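On the provided structure of chain W, position chain X as indicated by the hints.
Chain by chain, the residues:
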Amino acid sequence: MSAGSDSRHDGVAPRVAADSPDQTEPLFELPAELAIDADVARRVMVGFIRNQLRQAGFNHALLGLSGGIDSALVAFLAAEAIGPENLLCVLMPYRTSSPESVEHAMLVVDQLGCVSDTVDISAIVDGYFGRDGAIGAGGLGAVDAAPLRRGNFMARARMCSLYDRSVAWGGLVVGTGNKTESLIGYTTLFGDSACAFNPIGDLYKSQVRQVAAAIGVPEAIIRKAPSADLWPGQTDEQEAGFSYPELDRLLFWMIDKRRTDDELEAMGFRRQAIERVKRLVAVSEFKRQVPPVAKLGPRTTGVDYLYPRRRPGSAR
Amino acid sequence: MAPRLGVVADNLATHREALSAARAGGAGLVVFPELGLTGYQLQDLAAEVAMRADDSRLLGLAAETKGLSAVVSFVEEAADHRLFISAALLEDGEVRFVHRKLFLPTYGLFDERRFFAAGDRLRTVDSRLGVKLGLAVCEDFWHLAVPETLALDGAQILINVSSSPGRDLAAVHEVGLGTAASWRNLMRTYAQLTTSFVVFCNRVGMDETISFWGGSEVIGPSGEAVFTAPLFDEGLHFVDIELGDVRRERIGLPLLRDERPELHLRELRRILAERAGIPVNEATESSGGAEPGGLETGGLEPGR
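Each protein sequence line maps, in turn, to chains W and X. The opening residue of the first sequence carries number 1 in our numbering; numbering runs sequentially from there. The opening residue of the second sequence carries number 1 in our numbering; numbering runs sequentially from there.
No lab work stands behind these hints, which were simulated from the structure alone. Source: prediction; values computed, not measured. Be careful, since some hints might not be right.
[What the hints assert, rightly or not] Chain X is faced by these chain W residues, among others (derived, beta-carbon under 8 Å):
#1 Asp37
#2 Asp39
#3 Val44
#4 Asn51
#5 Gly141
#6 Ala145
#7 Arg149
#8 Trp169
#9 Leu306
#10 Tyr307
#11 Pro308
#12 Arg310
[Said to hold, decoys possible] Every beta carbon over 10 Å from chain X, so not counted as near; a handful from chain W, in silico:
#13 Ile36
#14 Val109
#15 Gly127
Every residue gets a Cβ at the ideal spot worked out from N, C-alpha and C, and that includes glycine.
Just chain W, with the same shape it has in the complex (with noise of 0.2 Å):
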């Protein structure tokens, strides 16, 4: 996507922790303008976690722990903010997950020493889709149901199974989204973006990958490959076409910036790639607002009756 000839955004290669069996190879590729501070990034969505949920009069939370960076991520930040033992994780393969994916849970689970909890959704999700032959409840049409359509019913499967632990477990849902994915609009409706609250989404995925490294997120984690799981081999970059630290480069320098598309083209993207990321990012526009509602009465909530959603009274 980028020249990469530019030598002012050239990425830097943060220190590899002194335990790295390969300290010749950096843990993630962290670009220049992309570098936080960790430590007041940390402090910030940990107090944030803390607020959210004492504002809404809980104690406990849970969230779905895919044994990938972001959930594990904010496992960790979650765990810092109430007690491991006031966080529930609740892993949801399905029967082609990859192992991998659960042993990198259990990975966190351990190292935390948080509660799991574990939902295998295969009898769902075959249920409506159907297996070997037999229509299930989806129908005859559900049963060639393209990698799209079942990927999304997974993702909502696995909102359902949290939302209703949620209730068993008396806490508020935590969000596992980045800012990459939600502008890009990589994620599913009401699925994996469905949460109470998500102390993550302002962080891009190489900004994930730098507090992932600084709060001790297992450098399995944090190495291997962004993937959805949704189907084996898949992942995020190849299914994108964008490498992480480009495309958060590119957004970056877009969005938070704003820069035109000539400044970016200056400064070395290229311009189809440039066309491309703001196609997605404007064709996700739903994904990140509520649900329009016709303006008919004198207040409409989200136009003009407005209130904090922690207004006094409103914890439970």
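Chain X only, in chain W's frame:
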């Protein structure tokens, strides 16, 4: 402090406790942050927590200031029902003075103008401390004219109370927070240029998604920090200041003596006339300071 959003009774109690602890610690001036009595991200709650400047709750708090000065901030409802973000000087049991926030940021993450009216008076106030104070609220200090005017009006201590949301964590910033770096630059600059003390009081805690970063400071008239509070931590901090530093600085560095407010005023009149497209000589005649030949004659084209 970290006010509870919309819960005035709790915040009043917090103010009382802090006042009492400050008094016990020998404080002469106690400064609380912007909207410390109500919380910041009020939206439509603003009208519900608003109080008149003679509200019994505010008078009750004032009653606890015998022998000291305090600056507290609240949503003020005027007689005509406009709502202001106000900072009041409470002294010796009375509400001595109220400053209404002049500049209401309504851009980026801010939406103040939607809910509040902007004040239109900028005055210093005599205080029992023996010097004039200049009160300002947060965004007021992102406009040069405010600290300048307060200093010209005789203030020796400029007090800014804030609810500044922390943002921009880029690692290049000195303290890991872009907002804090900007404010620190501004406060030092104002203190130096006005050769005054600057007291900056910023809240901590969170309202909704916003984290307030604290980092309150007292800057001496030479532009050097006398005190810097930690980022994000709540606390009651005592700072000793030597008011004689103002005199020493102003004798040694007489910037304020050398200010040219008449020049400023003259040029401001011209600039305003040009902006409005009215003849410059008409607009500036009354200023009495026009230099011969120094003015353009004739009107400017509207829109020029």
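For each hint, the structure was consulted:
no. : hint   : verdict
1   : Asp37  : holds, 3 Å
2   : Asp39  : holds, 7 Å
3   : Val44  : holds, 5 Å
4   : Asn51  : holds, 4 Å
5   : Gly141 : violated, 41 Å
6   : Ala145 : violated, 37 Å
7   : Arg149 : violated, 33 Å
8   : Trp169 : violated, 24 Å
9   : Leu306 : holds, 4 Å
10  : Tyr307 : holds, 5 Å
11  : Pro308 : holds, 5 Å
12  : Arg310 : holds, 6 Å
13  : Ile36  : violated, 4 Å
14  : Val109 : holds, 28 Å
15  : Gly127 : holds, 38 Å
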